[in-house]
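*Asks:* This is what each chain is made of:
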Amino acid sequence: MGESCHQSTQNLVLRDYCQRMNYKYLLSGTEYSINNSYLMFQQLIDEMPVINGIVAYSIFQLPENQEKRFQIINRILEKNGEIHFALENLKISNEMELARVENIWLVRQTLKNCIVSLVS
Amino acid sequence: MDNQFTNSFLSKEESSISQSYINKGYYIGRVADQNSLDFIQKTFIDIITNELNIKGKVSTEELFNQIHNIIEINDLNDFRLNIIRKINEVHDFRKHYYQIAKPYLDLLVGNELVMQTKVNLSIQFPDDDSSLLPTHADTWSGDSPFEVVVWIPLVDCYKTKSMYILPPNENDKLNLNFQALAGSRSEDLFQAIKNNVEWISIDYGNVLIFNNGLPHGNRVNLEKETRWTMNCRFKGVYTPYWDKKIGSFFEPITLRAASISGMNYKLPELK
Numbered sequence: 001m002g003e004s005c006h007q008s009t010q011n012l013v014l015r016d017y018c019q020r021m022n023y024k025y026l027l028s029g030t031e032y033s034i035n036n037s038y039l040m041f042q043q044l045i046d047e048m049p050v051i052n053g054i055v056a057y058s059i060f061q062l063p064e065n066q067e068k069r070f071q072i073i074n075r076i077l078e079k080n081g082e083i084h085f086a087l088e089n090l091k092i093s094n095e096m097e098l099a100r101v102e103n104i105w106l107v108r109q110t111l112k113n114c115i116v117s118l119v120s
Numbered sequence: 001m002d003n004q005f006t007n008s009f010l011s012k013e014e015s016s017i018s019q020s021y022i023n024k025g026y027y028i029g030r031v032a033d034q035n036s037l038d039f040i041q042k043t044f045i046d047i048i049t050n051e052l053n054i055k056g057k058v059s060t061e062e063l064f065n066q067i068h069n070i071i072e073i074n075d076l077n078d079f080r081l082n083i084i085r086k087i088n089e090v091h092d093f094r095k096h097y098y099q100i101a102k103p104y105l106d107l108l109v110g111n112e113l114v115m116q117t118k119v120n121l122s123i124q125f126p127d128d129d130s131s132l133l134p135t136h137a138d139t140w141s142g143d144s145p146f147e148v149v150v151w152i153p154l155v156d157c158y159k160t161k162s163m164y165i166l167p168p169n170e171n172d173k174l175n176l177n178f179q180a181l182a183g184s185r186s187e188d189l190f191q192a193i194k195n196n197v198e199w200i201s202i203d204y205g206n207v208l209i210f211n212n213g214l215p216h217g218n219r220v221n222l223e224k225e226t227r228w229t230m231n232c233r234f235k236g237v238y239t240p241y242w243d244k245k246i247g248s249f250f251e252p253i254t255l256r257a258a259s260i261s262g263m264n265y266k267l268p269e270l271k
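Those protein sequence lines, which keep their order, are chains F and P. Position 61, counted from 1, in the first sequence is what our numbering calls 61; the numbers after and before it change by one each time, with no gaps. Position 250, counted from 1, in the second sequence is what our numbering calls 250; the numbers after and before it change by one each time, with no gaps.
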């Protein structure tokens, strides 16, 4: 949902996050640039629990569609895994953390219908 | 001339607070929740004594106002960054921060709020010129004019141990002639407004809420005590965001049930 920057910058943010959190940073997975593609992401989830967590650049890289978003997150939680978001410094490892991230998503999507500028 | 704030649905006291914010660009009130301030002060004391490996009892006066007698100036920034990181790791720290200002935020901003994801800290030693914040308005660097700053002192702040702010009527004059007055560097701007700024005087136990669109900053602390103040930004959830975005900079903290229901609402579909 428009939250992106150059891949090398994303990698810097991911490495810094892992270092701060004391996590072992493995290879970064790069999603295909095809619209609405989550193929690489799904592949990473398949590798759980061999890997115990995924660090994404931003929560806004999750699907815009709420149902698809929940499907992905629930798959991670069912595998007792967790997903972190480096830009927002947030993680989802349980239902409460999911609700926290989801509130941000809902507000972000609602903002499309709110005033965004002071100039008409 | 002052702008008249009129809202007949507010009480006399609420109107008075609102009028103060609009006319002066800020409001100072007693902390709304003393337990929350106590929690925050104790958190600081625990972190500082641990960071400095202080054993035994040390007065709050020594830990805050006189900390410059314990820490070398060259170590100040690392010390400050460590404290910021640690307070933000404390569970419920931000919740207590919010509770301190809650009724004022409800009145001045609204009751559905986003809060900055990190609480910031300023520590300014006497005569230290390494911790200065040149004249600026937050709106000049990406903050939305719908935000307010909640500024909580851990010590009494006065004169140069505090911050200054340019009142709204003086800001209007500055904006009319900004190019000429701003000069070629931020110090020129301060020199142009220095006789019109107001130095905030606020004692520990009070909270300051100010308009981030007004020029403000600090100067070398010429008093004999160290300044300790926290700051954090709040705004209405649905008001315009500028560069500081939801998620990375702001997080919703008081979404109401009707909003959550509304945001999840889906019209039935005919297939």
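Because the hints were derived from the structure by calculation, they are not lab data. One should not assume that every hint holds.
[Unchecked claim] In silico SDA-like links for lysine to any residue, alpha-carbon gap of 25 Å or less:
no.	chain 1	residue 1	chain 2	residue 2
1	P	K55	P	Q66
2	P	K245	F	C18
3	F	K91	P	F93
4	P	K118	F	R75
5	P	K118	F	W105
6	P	K118	P	I202
7	P	K118	F	I54
8	P	K244	F	R75
9	P	K266	F	R75
10	P	K95	F	I54
*Asks:* Work down the list of hints and note, for each, if the structure agrees.
*Replies:* Cross-check of the supplied hints:
Distance restraint check for P:K55 and P:Q66: the Cα-Cα separation of roughly 17 Å lies within the 25 Å cut-off, and the hinted pair is therefore satisfied. As the CA atoms of P:K245 and F:C18 are separated by approximately 23 Å, the hinted pair is consistent with the 25 Å bound. Using a Cα cut-off of 25 Å, the hinted pair F:K91 and P:F93 holds, with the two alpha carbons roughly 18 Å apart. For the hint pairing P:K118 with F:R75, the CA-to-CA distance comes to about 30 Å; that exceeds 25 Å, so the pair is violated.
The hinted pair formed by P:K118 and F:W105 meets the criterion: a straight-line CA distance of about 19 Å does not exceed 25 Å. For the given pair, P:K118 sits about 23 Å from P:I202 by alpha-carbon distance, which is consistent with the 25 Å threshold. A hinted pair counts as satisfied when its Cα atoms are at most 25 Å apart, and P:K118 with F:I54 qualifies at roughly 24 Å. For the hint pairing P:K244 with F:R75, the CA-to-CA distance comes to about 32 Å; that exceeds 25 Å, so the pair is violated.
Straight-line distance between C-alpha atoms of P:K266 and F:R75 comes to about 24 Å, which keeps the hinted pair within the 25 Å bound. Pair hint P:K95 plus F:I54 does not hold up; C-alpha atoms about 28 Å apart against a cutoff of 25 Å.
Violated hints for the displayed structure, listed by number in ascending order: 4, 8, 10.
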